[in-house]
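Put together the whole structure using the sequences plus the hints.
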Amino acid sequence: MTTPLLSLQGLTKAYPGVVANDQVSFDIGEGEVHALLGENGAGKSTLVKMIYGLVKPDSGTMLLRGQNFAPPEPRAARSDGIAMVFQHFSLFDALNVAENIALGMENPPPMGDLASRIREVSETYGLPLDPYRTVGDLSAGERQRVEIIRCLLQDPKLLIMDEPTSVLTPQEVNILFETLNKLRSEGTSILYISHKLEEIRTLCDHATILRLGKNVGECIPAETSARDMAEMMVGSTLQTPERSGRDFGEVALDVSGLSVPSPSEFGTALRNVHLTVRKGEVLGIGGVAGNGQDELLGVLSGEIQTPADAIKFNGQAIGMLGPTARRKIGVLTAPEERLGHAAAPDMSLTENALLTGSVREGLESSGFLKWNETKQFAEKIIDAFDVRTPGPENAARSLSGGNLQKFVIGREVLQNPDVLVVNQPTWGVDAAAAASIRQAILDLAAKGTAVVCISQDLDELMEISDSFAALNEGRLSAPREATGLTVDEIGLMMGGAHGMEVAHV
Amino acid sequence: MDLGEINPILLVASLMVAATPLLLAAIGELVVEKAGVLNLGVEGMMIVGAISGFAISVETGSPWLGFIAAAIGGAVLSLLFVLLTQFALANQVASGLALTLFGLGFSALMGQRYVGIKPPSMGDVHIPLLSDIPVIGPILFQHDPILYVGIAIIAAVWATLKYTRVGLILRAVGENHDAAHALGYKVIKIRIIAILFGGACAGLGGAYISLIRVPQWTEGMTAGVGWIALALVVFASWKPWRVLLGAYLFGGITVLQLNLQAAGVAIPVEYLAMSPYIITILVLVILSADKSRAPASLGRTFHASH
Amino acid sequence: MIVLEKRPQPSKAWSYATPLVAVVATMVFGGLLFAILGKNPIEAIGTIFWEPLFGEFAFYYRPQLLVKGAPLVLIAIGLSLGFRAGIWNIGAEGQYIMGTIFGAGAGLAFYPMEAWFIFPIMIFAGAFGGWLWATIPAFLKVRFGTNEILVSLMLVYVAEQFLASVSLGLLKNPEGFGFPGSRNLQSYESAHNAELIAGSGMHWGVVAAFIAVIFSYVLLNRHMLGFHIRLTGEAPRAAKFAGVNPARLILFCLGLSGALAGLAGMFEVSGPSGVVSIDFNVGYGFTAIIVAFLGRLHPVGILLAGGLMALTYIGGEIAQSQLGLPAAAIQVFQGMLLFFLLAFDLLTNYRIRAARSEVA
Chain S
1 MTTPLLSLQG LTKAYPGVVA NDQVSFDIGE GEVHALLGEN GAGKSTLVKM
51 IYGLVKPDSG TMLLRGQNFA PPEPRAARSD GIAMVFQHFS LFDALNVAEN
101 IALGMENPPP MGDLASRIRE VSETYGLPLD PYRTVGDLSA GERQRVEIIR
151 CLLQDPKLLI MDEPTSVLTP QEVNILFETL NKLRSEGTSI LYISHKLEEI
201 RTLCDHATIL RLGKNVGECI PAETSARDMA EMMVGSTLQT PERSGRDFGE
251 VALDVSGLSV PSPSEFGTAL RNVHLTVRKG EVLGIGGVAG NGQDELLGVL
301 SGEIQTPADA IKFNGQAIGM LGPTARRKIG VLTAPEERLG HAAAPDMSLT
351 ENALLTGSVR EGLESSGFLK WNETKQFAEK IIDAFDVRTP GPENAARSLS
401 GGNLQKFVIG REVLQNPDVL VVNQPTWGVD AAAAASIRQA ILDLAAKGTA
451 VVCISQDLDE LMEISDSFAA LNEGRLSAPR EATGLTVDEI GLMMGGAHGM
501 EVAHV
Chain G
506 MDLGEINPIL LVASLMVAAT PLLLAAIGEL VVEKAGVLNL GVEGMMIVGA
556 ISGFAISVET GSPWLGFIAA AIGGAVLSLL FVLLTQFALA NQVASGLALT
606 LFGLGFSALM GQRYVGIKPP SMGDVHIPLL SDIPVIGPIL FQHDPILYVG
656 IAIIAAVWAT LKYTRVGLIL RAVGENHDAA HALGYKVIKI RIIAILFGGA
706 CAGLGGAYIS LIRVPQWTEG MTAGVGWIAL ALVVFASWKP WRVLLGAYLF
756 GGITVLQLNL QAAGVAIPVE YLAMSPYIIT ILVLVILSAD KSRAPASLGR
806 TFHASH
Chain B
812 MIVLEKRPQP SKAWSYATPL VAVVATMVFG GLLFAILGKN PIEAIGTIFW
862 EPLFGEFAFY YRPQLLVKGA PLVLIAIGLS LGFRAGIWNI GAEGQYIMGT
912 IFGAGAGLAF YPMEAWFIFP IMIFAGAFGG WLWATIPAFL KVRFGTNEIL
962 VSLMLVYVAE QFLASVSLGL LKNPEGFGFP GSRNLQSYES AHNAELIAGS
1012 GMHWGVVAAF IAVIFSYVLL NRHMLGFHIR LTGEAPRAAK FAGVNPARLI
1062 LFCLGLSGAL AGLAGMFEVS GPSGVVSIDF NVGYGFTAII VAFLGRLHPV
1112 GILLAGGLMA LTYIGGEIAQ SQLGLPAAAI QVFQGMLLFF LLAFDLLTNY
1162 RIRAARSEVA
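Protein chains in written order, with the numbering used here: chain S, 1 to 505; chain G, 506 to 811; chain B, 812 to 1171.
The hints are simulated quantities; they were obtained by calculation from the structure and are not laboratory data. Watch out, some of these pointers could steer you wrong.
Unchecked claim - Taking lysine to any residue and the SDA-like style, the derived pairs with C-alpha atoms no more than 25 Å apart in a straight line are:
| id | chain 1 | residue 1 | chain 2 | residue 2 |
| --- | --- | --- | --- | --- |
| 1 | G | 694 | B | 1158 |
| 2 | G | 691 | B | 817 |
| 3 | B | 823 | G | 614 |
| 4 | B | 823 | S | 134 |
| 5 | S | 370 | B | 818 |
| 6 | G | 667 | S | 93 |
| 7 | S | 375 | S | 400 |
| 8 | B | 817 | S | 398 |
| 9 | B | 817 | G | 693 |
| 10 | S | 370 | B | 821 |
| 11 | B | 817 | S | 63 |
| 12 | S | 370 | B | 1034 |
| 13 | S | 56 | G | 594 |
| 14 | S | 56 | B | 817 |
| 15 | S | 328 | B | 850 |
| 16 | S | 375 | B | 1037 |
| 17 | B | 817 | S | 58 |
| 18 | S | 375 | B | 822 |
| 19 | S | 56 | G | 693 |
| 20 | S | 56 | G | 674 |
| 21 | S | 328 | B | 1033 |
| 22 | G | 694 | B | 1157 |
| 23 | G | 667 | S | 134 |
| 24 | S | 328 | B | 818 |
| 25 | S | 375 | B | 1028 |
| 26 | G | 691 | S | 69 |
| 27 | G | 691 | S | 73 |
| 28 | G | 691 | S | 80 |
| 29 | G | 691 | B | 1048 |
| 30 | S | 370 | B | 1045 |
| 31 | B | 817 | S | 345 |
| 32 | B | 850 | G | 614 |
| 33 | G | 667 | S | 154 |
| 34 | G | 744 | S | 154 |
As the list claims (entries may be wrong) - Residues of chain S clear of chain G, computed beta-carbon distances all greater than 10 Å:
| id | residue |
| --- | --- |
| 35 | 54 |
| 36 | 163 |
| 37 | 226 |
| 38 | 228 |
| 39 | 360 |
| 40 | 373 |
We put the beta carbon where it would ideally sit given N, CA and C, even for glycine.
Structure, rendered in structure tokens:
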């Protein structure tokens, strides 16, 4: 048996209150694509941070080609041939592509030489890039290319990719896989982190499954069913959400010809967006991150105001109304970013319940606050949505992502909205919490609420949507009935391959 | 009133002198802000530099040692800002204010023995040929050495930020400290160096006021120059050469205003004296529209968690 | 090796304890400073903190506590609302001056008429002067996105020049034999902010400070506007999502803090000081920043911190005359207090822990 490229032996890392990795061991062979599979919070990120030298293990050892390997910092890991493409890109918006790449290299050549190297490598791998463009102006897919090129320029032995497809259209995913296959054929090993089972089955040679920080099993993905892998990952069988009845009423929300500039510098302007949602209907809006999702939510929540007629609720023009006035009439929203947008991190759950609940729940009278009623409302959310917390006086930031998300969604659902708009309702949430959030959304629709669900998780959208549309560079495709849509069709609605090309193998 | 008494050559030459404290403090703060830190304590570091420089040059008789002491004094005070913001993770705005309040008091305390004393003079550089050119010579080539040091620092900062790896890393840290950390750069260490550099520059600027511009020690003698320097960084859109331009503009206004006072223009002295501050506000208003050049992590606290 | 660990939520106990720890640390290091200056540290600290309250002449100094404390509390209450919302008015000194000029000016305009309505008009004018001066940075921030820190600070220098100008011109006492400074409002009955109880130090400014504390407490704890102020400071994006109009909040917070600073100036000039003069302002506007932080931006805390800071002022003066402690030493002492407070505040949000030695 040959020596594996990287061998992890009994890696353990604990943080206060949580053991992120508990005695994790596995091997990555030379030229192997190895999947690291697990739910959010299973400890995948901590594990790769240890390999990349960002975090030191409490105990355990790593061997790189049989040699002891303990990088004190990323620089050391890089010089030993480890490269990493981050899930949340480690890029600098205001700098150009070449500068960004130089920052990730140990001994970058002069800028001019680097620029031509970037051109050369990016062409070879089918990921064309202009070295002098400002990174902030690039699309999510292009930004990922910057990261990948940055890694490839250093001839890595092991390339770590953390959830790389979450920002890509299906067509772009295919191109990425071509690139990765080419790398594999050249002998590069890849550690591929994901929770998307079908991807892993097509791409990976071997898989290690993490659950709650422990290695709970290994398998050959091509020979294992997605269902079996899912059960290893989650630890139990999952219930798929159910919904009763699909009777649609009148049009509740009607957006027509809506164009607004983005409030942030590197944001995306919305261009001529049309959509209608009927009572009881769930409209799923897909698309790669950064194509106008935040702006669309802002426009619907009232944070960004528009011409009055551009948005109608039950026929009434509401484009110029602010968030409070919209809540009053029953248009509620739940933004993507939990900490800092949907909730104030350092404030208590009671105060966070007040944040959107004041008007509809009658938590104030002529400006004066009713703290008792507010606390009761917070407790009601905690009970109804099974939010795990000692009590409503705890700060929002003390909750886990999944629990806070249940609180944030529950806060809106319990106010009986006529229209509910959610952005990424289950992002970074474990499978059980995600299922209960989806169920709550479906139950609400069954009672006649018009729901808009913006998400980058296509599986989620296919599961709960009645109709589907996609955002691409601020434009919304014409909505289509969700049942019967193929992955190819969805991909094309999302903008296809965005000018990428297949690697010239 | 007699405007004819204003000598244009002297006016331009003294403009460069008036601009130098501003220029020094502002280029230091520019580096600090490029690293993503907002240090509002410039005024405090300047005044501490002013008294450290003054005291040491009086005691040793050497203005050069005075300037070195001023740079050290400013840097030591900025070390307090480092402790507060980089280790105790305190709010940068509040910490900067604390630095200024503390610096003003501390300098007054240190300076008690030095009121009314004349510091040793530094003397002007005399560059053969160049200094003798009519008009241009007295304007450009007959100044004290620190004035040229200031211009050299601007050039050095510009070249470092634009062409070197250190400059690139500094900009990266100011732009996105989390990403810089993920790539393995020592965010805190880089910021500490930037803050200390900013403190040293502010100290030099302060000493320039007490040793060359005035030259004398009085309590609170920086009179808001540190704050104008902060405004100047915004004015310059975080670009070194525009700091130079801005400093000369403000220096020009100050000098012109003083000359008009001396010439006995009909405008009351107080209104002339408030003009630099009002013009600073006007400039801020005009330039605030474009915030795009500000480093994205400016003023945000960094704590490497997990 | 020592590491910081973010607490899941801010520690209540430490948020009360840090100001006390900071005061103690300041006493220790302040004592050290006094020792370096050649003074007996115990005696100096004792003089500053004990003498005004319980010393031989306490009957004289105790009322002074109210006189010095009132403007500090009044200004700090206004500043704290803005600071909570992340709106940094640091030009209270200028607003204080403008309140003084407007308030005194309004009173002197009626001179020598005696009427009951003159003093209320002065109160209004003083508040208006401060409000106006603070609304300039507020308006510029809302309209052009200009940094309020720099603008409000620049306006301090403008106000100081304006003060010099009116002391020498517009408001100069025509019967003052050419000396700069206005008529003495203490000798103009209708405009005099006299002590409510003779010898108590209690004047209308003190009453206003107490009202401001109560008002601010109710606003922050019981009212939607106060909730929105806190929310904006904690999470600006969440505040916008909650329906807060940032522009209106900026105008409110800056305007109110300016008005309170203006009131403080007006009560000072019409009462304890009496005269508009070039050196009228003594830095209350800046010291109030320390008071606001020392009181943890909490109304009751500010009340206590204002008292403490007034104590250091008065005690400092005593130490100056009795021990020859330089005035600047007290300024350093106050600055130190803010330093330690900011530093120890760390303990509210983080836990300090000795890290296990890393496995290399």
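The hints, checked one at a time:
1. 694(G) <-> 1158(B): holds, 22 Å
2. 691(G) <-> 817(B): Holds, because 20 Å separates the two Cα atoms, which is no more than 25 Å.
3. 823(B) <-> 614(G): Violated: residue 823(B) and residue 614(G) sit about 37 Å apart, past 25 Å.
4. 823(B) <-> 134(S): Given that 25 Å is the threshold and the Cα spacing comes to 45 Å, the pair is violated.
5. 370(S) <-> 818(B): violated, 29 Å
6. 667(G) <-> 93(S): holds, 17 Å
7. 375(S) <-> 400(S): holds, 20 Å
8. 817(B) <-> 398(S): Since the Cα atoms of residue 817(B) and residue 398(S) sit roughly 10 Å apart, the hinted pair holds (cutoff 25 Å).
9. 817(B) <-> 693(G): holds, 17 Å
10. 370(S) <-> 821(B): holds, 24 Å
11. 817(B) <-> 63(S): violated, 33 Å
12. 370(S) <-> 1034(B): holds, 9 Å
13. 56(S) <-> 594(G): With Cα atoms ~23 Å apart, residue 56(S) and residue 594(G) stay inside 25 Å; holds.
14. 56(S) <-> 817(B): holds, 19 Å
15. 328(S) <-> 850(B): Roughly 67 Å separates the two Cα atoms, so the pair is violated.
16. 375(S) <-> 1037(B): Holds, because 18 Å separates the two Cα atoms, which is no more than 25 Å.
17. 817(B) <-> 58(S): Between residue 817(B) and residue 58(S) the Cα gap is close to 19 Å, so the pair holds against 25 Å.
18. 375(S) <-> 822(B): Holds, at roughly 21 Å.
19. 56(S) <-> 693(G): holds, 19 Å
20. 56(S) <-> 674(G): holds, 24 Å
21. 328(S) <-> 1033(B): Satisfied, since the Cα-Cα distance of roughly 21 Å is no more than 25 Å.
22. 694(G) <-> 1157(B): holds, 20 Å
23. 667(G) <-> 134(S): holds, 15 Å
24. 328(S) <-> 818(B): Measuring from Cα to Cα gives roughly 36 Å; hence the hint is violated.
25. 375(S) <-> 1028(B): holds, 20 Å
26. 691(G) <-> 69(S): holds, 21 Å
27. 691(G) <-> 73(S): holds, 10 Å
28. 691(G) <-> 80(S): Holds: residue 691(G) and residue 80(S) sit about 20 Å apart, inside 25 Å.
29. 691(G) <-> 1048(B): With a Cα-Cα distance of about 29 Å, the restraint between residue 691(G) and residue 1048(B) is violated, given a limit of 25 Å.
30. 370(S) <-> 1045(B): Since the Cα atoms of residue 370(S) and residue 1045(B) sit roughly 21 Å apart, the hinted pair holds (cutoff 25 Å).
31. 817(B) <-> 345(S): Status holds; Cα separation ~13 Å.
32. 850(B) <-> 614(G): Between residue 850(B) and residue 614(G) the Cα gap is close to 14 Å, so the pair holds against 25 Å.
33. 667(G) <-> 154(S): holds, 24 Å
34. 744(G) <-> 154(S): violated, 32 Å
35. 54: Check fails; 7 Å does not lie beyond 10 Å.
36. 163: With a cut-off of 10 Å, residue 163(S) remains clear of chain G, as the shortest Cβ separation is near 15 Å.
37. 226: Its Cβ never comes within 10 Å of chain G, the nearest being 30 Å, so this holds.
38. 228: holds, 31 Å
39. 360: holds, 34 Å
40. 373: holds, 34 Å
Figure legend: structure checked against the earlier numbered hints; hints not met, in rising order: 3, 4, 5, 11, 15, 24, 29, 34 and 35.
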